[in-house]
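Engineer: Listed here are the chains, written in short residue letters.
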Amino acid sequence: MIAIIDYKAGNLTSVERAVRKLGYPCKVTNEAGDIKNAERIIFPGVGAAGQAMADLKALGLDDLIREAFLERKPVLGICLGTQIIFDYSEENDTTCLGLIPGQVKLFPQPLMERDTRLKIPHMGWNGVKIVREHPVFSGVEAGSEFYFVHSYYPVPADDACIVGVTGYGLEFVSAVAYKNLVALQCHPEKSGRVGLRVLDNFCRWDGYAQ
Amino acid sequence: MLSKRIIPCLDVRAGRTTKGIKFKDNIDIGDPVEMARYYYEEGADEIVFYDITASSDKRDIMIDVVRRVAEEIFIPFSVGGGIRTVEDMRAVLLAGAEKVSVNTAAIQNPRIISEGAKAFGSQCIVLGMDVKRVEKSPKIPSGYEMVIQGGRTYMGIDALWWAREAENLGAGEICLNSIDADGTQEGYELILTRLISGAVNIPVIASGGAGKPEHLYDVLTTARADAALIASMVHYGYYHIKDIKTYLHERDVKVRLTW
Numbered sequence: 001m002i003a004i005i006d007y008k009a010g011n012l013t014s015v016e017r018a019v020r021k022l023g024y025p026c027k028v029t030n031e032a033g034d035i036k037n038a039e040r041i042i043f044p045g046v047g048a049a050g051q052a053m054a055d056l057k058a059l060g061l062d063d064l065i066r067e068a069f070l071e072r073k074p075v076l077g078i079c080l081g082t083q084i085i086f087d088y089s090e091e092n093d094t095t096c097l098g099l100i101p102g103q104v105k106l107f108p109q110p111l112m113e114r115d116t117r118l119k120i121p122h123m124g125w126n127g128v129k130i131v132r133e134h135p136v137f138s139g140v141e142a143g144s145e146f147y148f149v150h151s152y153y154p155v156p157a158d159d160a161c162i163v164g165v166t167g168y169g170l171e172f173v174s175a176v177a178y179k180n181l182v183a184l185q186c187h188p189e190k191s192g193r194v195g196l197r198v199l200d201n202f203c204r205w206d207g208y209a210q
Numbered sequence: 001m002l003s004k005r006i007i008p009c010l011d012v013r014a015g016r017t018t019k020g021i022k023f024k025d026n027i028d029i030g031d032p033v034e035m036a037r038y039y040y041e042e043g044a045d046e047i048v049f050y051d052i053t054a055s056s057d058k059r060d061i062m063i064d065v066v067r068r069v070a071e072e073i074f075i076p077f078s079v080g081g082g083i084r085t086v087e088d089m090r091a092v093l094l095a096g097a098e099k100v101s102v103n104t105a106a107i108q109n110p111r112i113i114s115e116g117a118k119a120f121g122s123q124c125i126v127l128g129m130d131v132k133r134v135e136k137s138p139k140i141p142s143g144y145e146m147v148i149q150g151g152r153t154y155m156g157i158d159a160l161w162w163a164r165e166a167e168n169l170g171a172g173e174i175c176l177n178s179i180d181a182d183g184t185q186e187g188y189e190l191i192l193t194r195l196i197s198g199a200v201n202i203p204v205i206a207s208g209g210a211g212k213p214e215h216l217y218d219v220l221t222t223a224r225a226d227a228a229l230i231a232s233m234v235h236y237g238y239y240h241i242k243d244i245k246t247y248l249h250e251r252d253v254k255v256r257l258t259w
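Residue numbers (the numbering used here), protein chains in the order written: chain Z, 1 to 210; chain C, 1 to 259.
No lab work stands behind these hints, which were simulated from the structure alone. Since this is a predicted model, take the numbers as computed values, not measurements. A portion of the hints provided could be inaccurate.
[Stated by the list, open to error] Quick look at which bits of chain C chain Z covers, simulated, 3 or more residues with Cβ under 8 Å: (1) 2-13; (2) 69-83; (3) 94-101; (4) 232-241; (5) 247-258.
Where a beta carbon is used, it is the ideal one built from N, C-alpha and C, also for glycine.
Throw the hints in and build the complete structure from the sequences for me.
Structural biologist: Below you can see the structure in the form of structure tokens.
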């Protein structure tokens, strides 16, 4: 069973529906028993980092996610879930889970591209350029686009964990992989067929990079 | 770089679309779930549903439509029409919509924007604007006035002022419909679109007037819209989304080409 972590952060039903559509049993949960028994974890989220970390701690989910990661269960971060697995987020000046070394920063303002001032949040479809092969991105065609909604972006401490990058005024890291963890700034559950492909790959991934 | 979004709009009354897809062989699909799936597979970047059901006791039908659409399509979609309270918003979002749009209710009670943004995040809250061109006056300095009831009632509110105000209240996006251009298929209202898009720092979806791919080109380039709403030009089978995207791509407008 796949545990989709429920920490009150936004609408989790779309992730659940997508995983079900792919045919995998899953449960939106914050129960310790479910998370301990799960074979893999999806950590989604829409909202703000400060509130999300406070809710995670209040529910005791921070330790459970850390344990699952250390037990080498495959873990997938999505959007805010991705940001929270780094050490620190500028959003609400928040100390995060620290599963991957690095920080999360606010897009600088004004953000410019070809003399045009870009709007924030970065919302809509944008390319993810794959810079390193990874099983979770297997079969993703070059030029594929994913759906994004965010104002902050991850900056990993170690470039070795970068899998994909995206351009929006600057080039930011939109996909990382570190040990048994993959984290995406985009929303694969809202990214059409290519997004479902990435989710499907994750649901079958053994947690090892090769 | 973000792609410009192409968004089919489906009007739904009591669970059926009012304009079904009429192909050249005259097959009419009136089921909004089937139509959503069709456009999802055709390469739509997002879908807008507008519930024009008049009676409030039939609103549960729309929630059921939203739920069934969410099981079939895995791109963002928004639902507008008849959303009056934060609880209405919650019902639509929990049923699986990515965004909700408010129009008349926001003019009558602007706090619904801030309350919705606080409860669900700005990215969920779309302000729908129905706008008509009028004489410039001290009250309407931009020459564009907010209207409701399909343009029959003028609200005495300047459209430019209202767009900025809604952004300040926490709207995450604006769907800007020109009543003058709506239904003409002669092109979007470019001056209005450029005026609003240049005045706010949230995305603007242009609506009303699309009839040919060049109309989308104009509104997405010179008028600086972030997305374009289309209806008849695809519902009646004159164009496929792929054709529109190819046209735009050939003219250096960035669009999503693989799906």
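Engineer: Decide, hint by hint, whether the structure agrees.
Structural biologist: Against the structure, the hints come out as follows:
{"no.": "1", "hint": "2-13", "in the structure": "holds (count 3)"}
{"no.": "2", "hint": "69-83", "in the structure": "holds (count 5)"}
{"no.": "3", "hint": "94-101", "in the structure": "holds (count 3)"}
{"no.": "4", "hint": "232-241", "in the structure": "violated (count 0)"}
{"no.": "5", "hint": "247-258", "in the structure": "holds (count 3)"}
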